[in-house]
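Number of protein chains: 2
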Amino acid sequence: MIKVSVMYPASLGTRFDHDYYRDRHLPLIKSRMGPALKYYAIDRKLADGMAEIPATYVATCHLLCDSVQAYQSAYGPHAQEISGDIRNFTDRTPIVQISEVVVENSARGETEALRHSARSP
Amino acid sequence: MIKVSVMYPASLGTRFDHDYYRDRHLPLIKSRMGPALKYYAIDRKLADGMAEIPATYVATCHLLCDSVQAYQSAYGPHAQEISGDIRNFTDRTPIVQISEVVVENSARGETEALRHSARSP
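The listed protein sequences correspond, in order, to chains A and B. According to the working numbering, numbering within the first sequence proceeds without interruption in unit steps and concludes at 121. According to the working numbering, numbering within the second sequence proceeds without interruption in unit steps and concludes at 121.
This is chain A alone, in the form it adopts within the complex (with noise of 0.2 Å):
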């Protein structure tokens, strides 16, 4: 299984409606991929004084798949209107890295991060 991480650098006067993100823009991409894409998380910085660290990211998606190739044929064809969309939240652009899951969630056990290797390309 393959992770696509989508990370919104943060800097002061950053704009990202947070909002849109999650009600209008991953259900954009969910509804473009179908089926290739298996689920989505969001992550969101913490309100300013939560945590001792700054956010290097102001929001960041996961993208989970089961492999490259799965990923490039189901987001390819619609690269375009998905990337166009981005301006609707945000002015800033996204750090893009895919990423092998060696354990998608410990709490389920070794096999199943065994048979998500297994299948990894």
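It is possible that part of the hints are untrue.
The list makes no distinction among identical chains, and a pair is therefore deemed to hold if it is satisfied within one copy or across any two copies.
[Claimed, not checked] Straight line, CA to CA, 20 Å or less: simulated SDA-like cross-link-like pairs of lysine to any residue: (1) K30 to P9; (2) K38 to A107; (3) K38 to N105; (4) K30 to A107; (5) K30 to S83; (6) K30 to Q80; (7) K30 to T56; (8) K30 to R108.
None of these hints come from the bench; they were simulated from the model.
Given the structure of chain A, go ahead and fit chain B onto it with the hints provided.
Coordinates of chain B only, in the frame set by chain A:
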């Protein structure tokens, strides 16, 4: 729910023992944090050439806890021991970010996301 993401920057010649990280370091964190650590996840950058985009991080782990307070109470007393173990698998210093989990797993439905959102600090 909150997520502590520990991200190890990738660069030419980075030493990183992924086996030690998976088999020793994360289990150490789990054993020290106890039940305050709901679960963890590990991501690893794809092998060179597998992705078109160069990886920003060689490896990342995510520690999921109910709150910042729960994390700090469980991790704090063991911070020195855990940090001291880093030299055993890498020469890099990680970037740490604490995030609010807005959507943990979209496939589990909105009710779970809302439940976690309500429990977040």
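Worksheet item: Which hints, by number, does the structure contradict?
Response: When the structure is compared with the hints, numbers 1, 7 turn out to be violated.
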